[in-house]
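Got chain A sorted already, so can you dock chains B, C and D onto it with the hints?
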Amino acid sequence: MRQVIGLIVLLVVIAFLVSGMLQFIHPFGYPPSDIDDYIIEKAQEETASNNVVASVVFDYRGFDTLGEATILFTAVTGVLLLLRTVKRKEKNS
Amino acid sequence: MDKLLTYSPILIIAIPLAVAFLIPLISRAGGKARNALVIASLAFVEFLVIILARDIYLNGIHIYTLGAIAPDLALPGGVMVPIRIILEVDAMSIFMGIIWATVSLTAAIYSLSHMARETGQTRFYTLSLLMVAGCFGMIFTGDLFNLFVFLEITSISGAALIAFRTRFADAVEGGFKYIVISAVAGLMFLFGVGLLYAQYNSLNIGFLASVMQYSMLDKIALTLFLMSLTIKTGMVPLHMWYPDSYSVAPANITAMLVITSHACMYAVFRVCFSLYGITLGVAALGWIVVIIGLLTMFVGVTMAVFQTDVMRFMSYHAISQMGYMWLGVGVGLAVLGNPEALATYGRDAIGGGIFHILNHAMYKPLLFLTAGALYHRTATRDLNKMGGLGHNMKFTLILYIIGTLSIAGIPPLNGFASKFLIYESVYQFNPVLAVVAMLVSIITLASFTKAFQSAFTGPQLPEYKDVKEVPKPMLIGMGILAAGIIFTSIFPGLVLEHIVYPATDALINQAAYVNGIMGGIP
Amino acid sequence: MLSKIVRTAANQLILFILIFGLYVIAHGHLTPGGGFQGGAVIVSGVVMLLVAFSSKELKKSLRERTLSVMESSGALIFIGLAFAGIGIAFFYNFLVGTPIFGRIPVTGPNPGDIWTGGVIPLMNFAVGLKVVAGLSAVVLAMALFSSGEEIEE
Amino acid sequence: MMEHVPLNFPFLAAALLVGISFYILIFKRNLIKLIMGIGMLASGVNLFLVALGYRAGGNAPIYTDVPEGPMVLPVPQALTLTSIVINVAVLALMLTMVILIYRHTGNIDSKKSRILKG
Chain A
85 MRQVIGLIVL
95 LVVIAFLVSG
105 MLQFIHPFGY
115 PPSDIDDYII
125 EKAQEETASN
135 NVVASVVFDY
145 RGFDTLGEAT
155 ILFTAVTGVL
165 LLLRTVKRKE
175 KNS
Chain B
127 MDKLLTYSPI
137 LIIAIPLAVA
147 FLIPLISRAG
157 GKARNALVIA
167 SLAFVEFLVI
177 ILARDIYLNG
187 IHIYTLGAIA
197 PDLALPGGVM
207 VPIRIILEVD
217 AMSIFMGIIW
227 ATVSLTAAIY
237 SLSHMARETG
247 QTRFYTLSLL
257 MVAGCFGMIF
267 TGDLFNLFVF
277 LEITSISGAA
287 LIAFRTRFAD
297 AVEGGFKYIV
307 ISAVAGLMFL
317 FGVGLLYAQY
327 NSLNIGFLAS
337 VMQYSMLDKI
347 ALTLFLMSLT
357 IKTGMVPLHM
367 WYPDSYSVAP
377 ANITAMLVIT
387 SHACMYAVFR
397 VCFSLYGITL
407 GVAALGWIVV
417 IIGLLTMFVG
427 VTMAVFQTDV
437 MRFMSYHAIS
447 QMGYMWLGVG
457 VGLAVLGNPE
467 ALATYGRDAI
477 GGGIFHILNH
487 AMYKPLLFLT
497 AGALYHRTAT
507 RDLNKMGGLG
517 HNMKFTLILY
527 IIGTLSIAGI
537 PPLNGFASKF
547 LIYESVYQFN
557 PVLAVVAMLV
567 SIITLASFTK
577 AFQSAFTGPQ
587 LPEYKDVKEV
597 PKPMLIGMGI
607 LAAGIIFTSI
617 FPGLVLEHIV
627 YPATDALINQ
637 AAYVNGIMGG
647 IP
Chain C
60 MLSKIVRTAA
70 NQLILFILIF
80 GLYVIAHGHL
90 TPGGGFQGGA
100 VIVSGVVMLL
110 VAFSSKELKK
120 SLRERTLSVM
130 ESSGALIFIG
140 LAFAGIGIAF
150 FYNFLVGTPI
160 FGRIPVTGPN
170 PGDIWTGGVI
180 PLMNFAVGLK
190 VVAGLSAVVL
200 AMALFSSGEE
210 IEE
Chain D
2 MMEHVPLNFP
12 FLAAALLVGI
22 SFYILIFKRN
32 LIKLIMGIGM
42 LASGVNLFLV
52 ALGYRAGGNA
62 PIYTDVPEGP
72 MVLPVPQALT
82 LTSIVINVAV
92 LALMLTMVIL
102 IYRHTGNIDS
112 KKSRILKG
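Protein chains in written order, with our numbering: chain A, 85 to 177; chain B, 127 to 648; chain C, 60 to 212; chain D, 2 to 119.
Bound conformation, chain A alone (with noise of 0.2 Å):
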């Protein structure tokens, strides 16, 4: 019984999102760009690099990729936290 549920849920879901994407999305190759534009055409100028999506990475949006490496610190920093092996030192508790 649970599994007709769970396909009746995923096929609404589906329908919604799939109905919402052909009609309300931009055509597919047609984006609005203006921002974008502007990027191209100032990083090798701004950022004196050849490759854009580093200089968007690294310059332009670089706060979200201090935050990023941020993400990476606290993942491998919890995950060896975690995995430590416990000595946990036993004086009155």
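Keep in mind that the hints were calculated from the coordinates and are not lab data.
The structure presented is a predicted model; accordingly, all values stated were derived computationally and were not measured.
Where is the CB? At the ideal position from N, CA and C, for every residue including glycine.
Some hints could be false.
[Stated by the list, open to error] Ranges of calculated distance between the beta carbons of each label pair, as one might list FRET restraints:
1) C/Glu209 / D/Gly70: 35 to 45 Å
2) A/Glu129 / C/Ala143: 41 to 51 Å
3) D/Ala61 / A/Pro111: 14 to 24 Å
4) B/Met206 / D/Ile27: 57 to 67 Å
[To be verified] Below, a sample of chain D positions facing chain A; criterion: calculated Cβ distance under 7 Å:
5) Asn9
6) Phe23
7) Leu48
8) Gln78
Frame of chain A, contents of chains B, C and D only:
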């Protein structure tokens, strides 16, 4: 000094980050140096937040564009679209900044002794500093994708800290639930950001608000934003993970996590008020938020009545108190449309809701820290096993009483001030809401007296005869919060006038937020 | 611990993986790639070593202490570069126009000159260092934990 | 301009991925499958983000020896790069916690390994 002022938004985020990266290297010089560095950096951040707050209350919105030729150059030459990431700090964000700076400083001081006997402390302090930086980033940023990145930093560091006591199975399960919920909520938020980027090719909140046309996609994006962010604040239909995660974490981490839920609520307000503003069908949206607020209030407190675990008991109360905030701001949102209703009680409703965020951000961490103090001495969270601890834990007893009276809304203390403001304004909107809110407040008082009685009063149990008071740093931490509560109780008008109402006006006034970015161009 | 043939092959192969990873990191501002992608390539080499040699041997050569120092220093270099331009703005590309990495390329398609990109190549190295140290520490810790080993702290 | 445009296949694929991952999140009890569902949800959202940036007949936005023609939008690619790394970090943390849950409770079925009640 003014140079420090122009850089203060970015310094508040970057200093905890830099110190967090530094701690693994410093910790080789011993625990003392590391703890001193943590407290010093958080104190300096608190100082920066205070001078930034003073400047914002004097001359309005504060902008910092990252990587531009001049820090306040929002629009590069010849283009009407903000290209880079802009930190926009208005009265509402600095209001959350003050709360977050104070609570994270107290939690750090508290953890000096609460964590003294645990292994892996270096990584613990690194993660808590990263969480501080993450939440500051969430509060100050004016960019949607940046909000998602810092939301993820806060969630990942929070999940790792919840599962800190890996020797207990329920801690790890609480952490797992938190990270699964945060991952799904973050990806839904990202889907919404993608939808907005598909239409307007920009990620800046101020610019999007100025070009918003409320198409069908924008409504889908709004539902995605609301759904994902309210999951993180523990709204009723999806709140089952909240007590599981928040009750197993160390007490000071739970205190900080409650404020991160407030930051998610702040993000909901930023999306509703600043991004979508008035022209969207606000009455319907306001009513949804009000109904969810009522539901959260009621279910939270009824579930809390028969809890035996003291931390689960407090977590359910945290959910129900969130309901008050949703109720207050939901009423304000519902009447955002007609200005005369807004003037009479709408502004007070939002003011009450935001004032309740401030009060809740003081007494709820205090209650969690007192529960942590009980755990620190009795190594158990079960109320049935505790008893008669009031005899030898005097200070904790007093602090617990202050927190309890404040959460129940007893007149002299600050809980009453904000709840009364909410009752008064919500009553004019619809009397039934105020009646339910009062009923919930009574049940809160009843359940807290029960918990107080089972933990503190009663005969002194034999095994807790030699229990000493908690060490100094924990008392200092709790003392700062209690002092904050007492100050707000004695001068509610002062706090309301100088901190809460500027934040309310900043939230209501969407045009100011947009002009901050677009530089006055309509 | 796999057979001798696999171990010697792994020893030789790690060098090529290392060179390719460094190439992807170094040319992040010219060709597709950069800190994260190059770091991931090098970490795949480390995982290959972990498969060839058991986690006990690898623990001896890749000490957990050095990995954490490498990771923290990579992160500090990255945030230091971001702080270096604080005079003008936080993430300002202060090396554009300076002889170190700052030659401005000819606008439009050009063959690509390595001494361009301002701060971007340095940031690529910092992020690459961080990704390599971080992810290999995670992989090593998981392998050691599942095999019941002691992750020295 | 609209009639000869190809049906939005990438958006269709993204919608299917998100839909299927919802099914997994709601109905699967095995924790590892739950994590795979989140991984699938993340790749669906990433595919949606990258597909937003495609421009008909566009080349990669890199000026080194690029052939003639319009360039694809660079910003969605940068966002996807960040989103992929975030997904790696979240998956690493979730898998570590599943290891610890398995070590504590001896199984990874979310029903049987449920400790917290009420």
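Each hint, compared with the structure:
1. C/Glu209 / D/Gly70: 35 to 45 Å: At roughly 57 Å between Cβ atoms, D/Gly70 and C/Glu209 fall outside 35 to 45 Å, so the hint is violated.
2. A/Glu129 / C/Ala143: 41 to 51 Å: violated (21 Å)
3. D/Ala61 / A/Pro111: 14 to 24 Å: For D/Ala61 and A/Pro111 the Cβ distance comes to about 21 Å; the hint holds.
4. B/Met206 / D/Ile27: 57 to 67 Å: violated (44 Å)
5. Asn9: Holds. Min distance 4 Å.
6. Phe23: D/Phe23 check passes; min Cβ-Cβ to chain A is 5 Å, inside 7 Å.
7. Leu48: violated (12 Å)
8. Gln78: Because about 5 Å separates D/Gln78 from the closest Cβ in chain A, which is inside the 7 Å limit, the hint holds.
Against the hints set out earlier in the document, violations occur for numbers 1, 2, 4 and 7.
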